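Please construct the entire structure, taking both the sequences and the accompanying hints into account.
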Amino acid sequence: MNEINVLEQVDFSMLEDMINEIFPAGSMSFQEMLGRIMKGDMEFSLRTVLDLLKSALLQGIGESRNVFLAVLALGIFGALLANVTGLFENKQVAEFAHYFIFLLLAILLFKSFQMSLEIGEGAIGSIVDFMRAFIPAYSLSLCFSSGTMTAYSYYQFVFIIIYGLEALLFAFFIPLCQCYAFLAVMNGVSGVKRLEGVLALLDKVIKGGIKLAFILTIGSSMLHSMIMPAIDNVNTKLVQKSIGMVPGLGDVTDSMTDVFLGSALLIKNSIGVLALILLIVICMVPLVKLFCIGGALKLAGALLGMFGEKKQVRFIDQMGNGSFHMFQITLCTMVMFFISIALIAGVTIGGM
Numbered sequence: 042m043n044e045i046n047v048l049e050q051v052d053f054s055m056l057e058d059m060i061n062e063i064f065p066a067g068s069m070s071f072q073e074m075l076g077r078i079m080k081g082d083m084e085f086s087l088r089t090v091l092d093l094l095k096s097a098l099l100q101g102i103g104e105s106r107n108v109f110l111a112v113l114a115l116g117i118f119g120a121l122l123a124n125v126t127g128l129f130e131n132k133q134v135a136e137f138a139h140y141f142i143f144l145l146l147a148i149l150l151f152k153s154f155q156m157s158l159e160i161g162e163g164a165i166g167s168i169v170d171f172m173r174a175f176i177p178a179y180s181l182s183l184c185f186s187s188g189t190m191t192a193y194s195y196y197q198f199v200f201i202i203i204y205g206l207e208a209l210l211f212a213f214f215i216p217l218c219q220c221y222a223f224l225a226v227m228n229g230v231s232g233v234k235r236l237e238g239v240l241a242l243l244d245k246v247i248k249g250g251i252k253l254a255f256i257l258t259i260g261s262s263m264l265h266s267m268i269m270p271a272i273d274n275v276n277t278k279l280v281q282k283s284i285g286m287v288p289g290l291g292d293v294t295d296s297m298t299d300v301f302l303g304s305a306l307l308i309k310n311s312i313g314v315l316a317l318i319l320l321i322v323i324c325m326v327p328l329v330k331l332f333c334i335g336g337a338l339k340l341a342g343a344l345l346g347m348f349g350e351k352k353q354v355r356f357i358d359q360m361g362n363g364s365f366h367m368f369q370i371t372l373c374t375m376v377m378f379f380i381s382i383a384l385i386a387g388v389t390i391g392g393m
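Mapping of the sequence shown onto my numbering: position 53 corresponds to residue 94, and the numbering continues sequentially without gaps.
Hint data in this document are derived by calculation from the structure and do not stem from the laboratory. Just so it is clear, the structure is predicted and the values come from calculations on it, not from any experiment. The hints are all genuine.
FRET-style restraints, in silico, Cβ to Cβ:
| no. | residue 1 | residue 2 | range |
| --- | --- | --- | --- |
| 1 | Tyr204 | Ile117 | 44 to 52 Å |
| 2 | Ile148 | Gln197 | 44 to 52 Å |
| 3 | Tyr204 | Gln100 | 25 to 33 Å |
| 4 | Phe200 | Lys351 | 46 to 54 Å |
| 5 | Phe211 | Lys248 | 13 to 21 Å |
The calculated lysine-lysine pairs, modelled on DSBU-like cross-linking and capped at a C-alpha distance of 35 Å, are:
| no. | residue 1 | residue 2 |
| --- | --- | --- |
| 6 | Lys234 | Lys351 |
| 7 | Lys152 | Lys245 |
| 8 | Lys152 | Lys95 |
| 9 | Lys152 | Lys252 |
| 10 | Lys351 | Lys152 |
| 11 | Lys352 | Lys245 |
| 12 | Lys152 | Lys352 |
| 13 | Lys252 | Lys234 |
| 14 | Lys252 | Lys351 |
| 15 | Lys352 | Lys248 |
| 16 | Lys248 | Lys152 |
| 17 | Lys245 | Lys351 |
| 18 | Lys152 | Lys339 |
| 19 | Lys351 | Lys339 |
| 20 | Lys352 | Lys252 |
| 21 | Lys339 | Lys245 |
| 22 | Lys152 | Lys234 |
| 23 | Lys352 | Lys234 |
Positions of the beta carbon are idealized from the N, C-alpha and C atoms, including for glycine.
Put into structure tokens, the structure is as follows:
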């Protein structure tokens, strides 16, 4: 049995639908990309990732530039207004103008955070949808290459991670990020540092929670990849040795089994590599956009720190943290699934 015979047993229809969403022009199908990887042609994937990175950088910089310039302009105008307040005869008019500028800045920053929130939620949803389409096909290829226990346990394990992470992110981490941004706006508008402690605590909880979820997911993936493939490997070797002891039939059966397992292993690893590439492709644009938005706010705050008001600078910096929180959550989600796929692919290579 060769690679084509094994491929006929795997259903790629859901993955084909995902590819059509990622590449609307229909320039390439999942089967075509898989065939190229199986032949050792990785040039197309590298070229695709580099082209996507270039377009994502240009798009992210273009969108974040408007936010950067608007925040910088409002910050400079607010700083100038604060410095010339003493020239106004009517102090109330000057104070009203100052607070009006600050409210415009607050609206702009909160809108930029909402943009980051929508980008992050969309990216996480795309990752989850891709994994739901990918796992059934990959588990079937694991069944051929490694064994039923590895395939069944990996199928269950990854779906537990998918639903667990989805619930944790949308019910805990993302609401915490929204709460952080809302409190940062209130703290900035009020001008009193009463909420500084709460904001610092939320920042630590979000970052610590992301690290803890990452460690638990990767640790569980490592333990799973060490145990199940080893059990299937022992069972496969036992069956092979038992059949090999049959006179006349053993050598032929052993050779056919080696060919079949080698073909299945090639398909499994090729599907895994393609899944890793597609994960990068799916997350490249959202991650670059989130990084550019957070970086633009941080850069504007750093420049305004030289001559702007401390209250404005602190407020801009905190909203930049909110955008970077969404960047960290999205990146961590992608890396967790990336490593879980890479671990099971790498460990089962030695299992044959």
